[in-house]
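Engineer: Single-letter residue listing:
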Amino acid sequence: MVATPEVGPPGVGHPEAEFQTQDLLLNVGPQHPSTHGVFRMVLQVDGEVVRDVIPYIGYLHRGAEKLCETMDYRQGIGFMDRTEYLAAFNAELSYVMAVEKLAEIEVPERAQWIRMILCEMNRLSSHFMFMGAFGIDVGVFATPFIYAWKEREQLIDLFEEVSGDRMMYAYFRPGGLAWDVPANFKQRVREVLESTKVGIKDFDGLLTTNEIFRARTQGVGYISAEDAIDWGMSGPSIRASGVNIDVRKDEPYMFYDQIDFNVPTRTEGDVYARYACRMDEMWESVRIIEQCLEKMPDYGPIMPEKMPRMLRTPPGEVYLRTEAPRGEYGIYLVSEGGNRPYRLKVRSACLSNLQALKDMSVGHYMADAIIVLGSIDIVLSEVDR
Amino acid sequence: MNVDLFGGSVNVWLDAFIRLQLIVLLMTVVVMGYTYLERKIVARFNQRVGPQKTGPFGLLQAVADALKLVGKEDLRPRSADPWTFELGPYFVFIPVLMGFVIVPFMADWNIRLLELGLIYFVAVSGLSIIGWVMAGWGSDNRYALLGALRAVAQGISYELPLVLSVIALAMFAGTYNLGLIVEQQDQVPYIVWQPMTAMIFFIAALAELNRAPFDIPVGESEVAGGPFIEYSGIRWSMFQLAEYAAIFVMSIVFSSIFLGGYIWPFGEELGVGFQLLLTGAKALLFFFVIVWIRVSVPRLRIDQLMAYSWKVLLPLTLAQVMVNGLVLVNGWSEVVLLVTGLIGCAALVMITSRAVVRPRMPAMRTAPAMQGEAA
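Top line first, the protein sequences correspond to chains Y and W. With this note's numbering applied, the first sequence closes on residue 917, and no number is skipped along the way. With this note's numbering applied, the second sequence closes on residue 377, and no number is skipped along the way.
Chain W extracted, bound-state conformation (with noise of 0.2 Å):
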């Protein structure tokens, strides 16, 4: 069975081989553009410069911080399980890869659009904690193992609010399939009715990614690095690559099915390449927030992190699908859930604050009653 490649006729595997490759250059690519921009929006962040001395405005950083880590030692302790231990970079990194291939990067173009394509992702985008646990387990190291541990309870916590939010966007939607949801945001993207649905999702998607505040299982200030604390070299590059691919990935993702992807606000008469630009602008900002997220809080403790998942974004998931739900068997406006939604957001921001800070408050009052110097 032939298909269309760039006016040409070929195979349908080769297509697809094809295809894959240019992702895989594209995000070889981008993630070198991320942790360039990551170092370079930190640094201002935190009234610095950044990297400038490699290259013009310091742009080769990335490739000199590559070709350090290329030139590296591969070290392994002498008491690690060697299979565990060196698989562990390639099954953290291949479920990463294998999201790609449902992104639309612009109009007709992307690996595959798959008919279950937010499933899928979702679906492979959990894969990755069994490399996580691999390589904490192989690593023999306790930091290790503890880290790894913590990317299991925070990745099965947080799974569930991502799956429930993308359900309920795909009852909104009414189909999975990402290129279509892309296509039905040509006037009004879907952040717009479903708000609380895209915060869900971009919190969600923070604990996925093991970005700050939910870098629990990295947290350098205690496990020092976690699963990663043994691996040194080229294995540990494969790590950072990993976690800039899922970002990368993550990102379009978010800007497809909230932000309109491609289309919005100019149509389809953009052109291919300007397309392009446009989910990648999108995907910069949701970059960009997280950076901005990663140097203004602090690290959540584990409890706080389950309970938080738990206790607020699953029932607040669950409100929302029943509330689609309702507007969808109903026939109402989408008005309706422009409404609940903006509500849903406001009750989130609420809820969050406080059952941040709450729980902890008791210990307060057990202050002693040697107070009566205190000025």
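Isolated chain Y (complex conformation) (with noise of 0.2 Å):
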């Protein structure tokens, strides 16, 4: 984007020049008001413009996935809450159906409908949450995070009514669902999604055909398919690059084979391409919600009739990966027999699609490196865990 000039005028920052230039580190994070959490990267910048990016992770290292192993598979659900605090439902699911596949549980049709419902709205709340910040992160003075905050409010007392939880649900269990959900859900659904789509709407008017916004994203943090495919990204941050991968319509877990929806992608690569992408996976989910309520039971099981207090899985492994708001989100269960498992490895979303990250960015201005790294739409507790 920003040639240098193979021999500039001799002058300052000439090879041969008297004076000679030195590219500058600039340490952005762990406390940056725009690195979402506390990711750190070095910039080495010649002026505005990054020459190259060291990203430094593992501030938000918890060690979730080895504590796990010294729970009963029920109490890991709450960890897996907290590796994706802001798609804490679609955690939960990989988690629980990674169990359930190895402990071969049926799954009750009612609770798959209602797993399915909350899963996508829970995508819903985490692409507001990615739509406000990364308005800040171009430079908003905090009005798209609020009206994201609004509609993402909305989702989250929903959730509560439901889980008993604004964040951290643990309402997935392996069988089904922790309890049945409130007599009026259907209703109160239907209500979320009338606001949600008035919010959806708002930020086409204020950003998306924004020509600052445009001017700001088209063009910037380009990453081809191929590289993309290279760094395993995953989500709608690859789909922008032209590739179109969806767990849900590649292997459809649950009833997603029985759903009609697209899969959006574009084919720009860039920050607008990442943007837009999710913009259109919004109303995506709100079809696909809309399909489920008519085609969800009023009535039923939620939990299979025999299923044993202690939970005991034979002895096996197992990975089962399902498409949560920010990628792949996999899970990789080994067990040994007995109510825990031996090694619970998470494949995270995050992780893969941060890698690309030196890749979108070197060779942009600085301003630039950090609305790459808002596209990216990193939760840095799953990239620690």
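Hint data in this document are derived by calculation from the structure and do not stem from the laboratory. The beta-carbon is built from N, C-alpha and C at its ideal position, and this holds for glycine as well. Only true hints are included.
With a straight-line cut-off of 25 Å between C-alpha atoms, the simulated BS3-like cross-links for lysine-lysine are: (1) Lys633(Y) to Lys598(Y); (2) Lys42(W) to Lys682(Y); (3) Lys877(Y) to Lys633(Y); (4) Lys55(W) to Lys682(Y); (5) Lys718(Y) to Lys682(Y); (6) Lys781(Y) to Lys729(Y).
To list a few chain Y residues with every Cβ distance to chain W over 12 Å, as calculated: (7) Asp697; (8) Lys733; (9) Arg875.
Combine the two chains into a complex, taking the hints into account.
Structural biologist: Printed below as a string of structure tokens:
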């Protein structure tokens, strides 16, 4: 993007000049306002142009995977919530489904529909969070953040009514759900969806069509499909590069094969494309939820009839992936029998997506490196776990 | 030499001193009002309520903020350059204060109406960049340094359209004296005859004041406050005071030279107090638009900012100066100015949206061929 001339005029910065310039090392984070948590990157900048990015992770490492190995299967659910706190339902889902696959538990139909609705709503709330934080990254003073927050609040209120908690739900259990949803669940979901639709439209006016926003984001932070695949990216970040992968379509779990929805992809591979992919995904999520509401039975069990009081799994190993808002959230679970996992490994979408940060931001301005980081939409506790 | 002040005759220096003191008092109150209003307006745009707990309607919020800031420890990093660090805030604030000298608040009430008032104003308002550099350099912080250098680049680039638009206006008005300029607008404000000049002056003023979308030197999400990053307490509040005082003086200057100041639309018969209110109302309008822009648009990047100034604003202001010159020399009607000005406005809007969006487009064409399975 910014071409360094091969042989510049003899002066400051020229290889033979008397005065040499030196790149500046700029330490961004872990307490910088726009690192989305406690991420730290050292930018090597030539004036304003980024020449190198050295990321440092691990500030939020709590050993969640290791802790799970000392706990009962059901106790592990809470740790999964805390790895991906913005989309805790999706994180729980992967873990719970992995345990179910290992223990060969059949989940009742109604519980699966409720899981699908809650996961898609969590995707909406997570994407709203992204919109708000990204708006601040590109420099709108608080407006998108508060607009997103307002919509997210509605969704979180609903989650609280269902699960009793605003962020750390621990509502999905191996076999089904902890308890049934409130009686007015469907009606409440429809109410919240109406507000959500207005909220997404607001963002179209606020950011999507804003000229300065487009000028800041289009053509910035490009990554090719090949590179994105090589880095193991997933989710909206890779779909923005034109790679159409989505676990919900490729390996349908729950009842995604009965639902009519599209996987939004873009081919530009820049920051704007990643933003737009998420934007389109929100409309698809709304569609999915509406279909789920129609197909979901009003009554029915939410747990299998014969669930053991102590959940034990046969020896074996299982890898299960689901499509979380940030990409593939995979759980690798090894059991040697008994009531606790022998080994648990989380395949974090954020960690893989973050690897491409350097490829995306080198050569751009320092302000662009910030929005590139924002466009990957990382959750640091999922990166570090 | 004695002059007339409030009906009495006082020494000319004493008179200037008293007027200056009054202005400083007024400025402090207005700055507090502006910070309160900004909080309230931003809050309404954000679907919030804003300050409401401190005093009636939260009116004392600015006082509470000021008290908190005064009570904070005045920290200086050990590695900072003591003199430049400590003097930086003054070098930012004093030029802003100097700008108040030429401002006509109402008929016959100002500090001094200089003959070259407008030139004086743009000259001193550019000086505060020195303070920014001192703060940025003296802090011994890389963010501060980056912010300061951004401020310099921005200040120099936007000084030119600002000065040229002032020149275009002065050509039309025939004087640099702000008082005379206001007096001439008792029928029609100059924004009617010089719409494009007003637009460019407004944009350049936004950049000069480091307000969004040109708040690049202080961009919180990038350089985390820029030159102010190491400041705390009273010194930091001096920067804030300077920022809002600069907005205040700029809003009064804009309303004086383009919106007819205290005179339009009611003429000179209006009572003195009402004239002050009229000026204030126009200044508030300017301030409201600034805040409106702040909550609506993202921040530009430094290269886009520079390109916009040099490639869009500067040529258009030069064109306006030429048109004004032609009209003056040939004695054409003012309607020519109105028509060309409106055409210029349309051109400015069009070029702006193109200049801002277009240069980034080519990168999109390099998208890979892997789109066969794209939905």
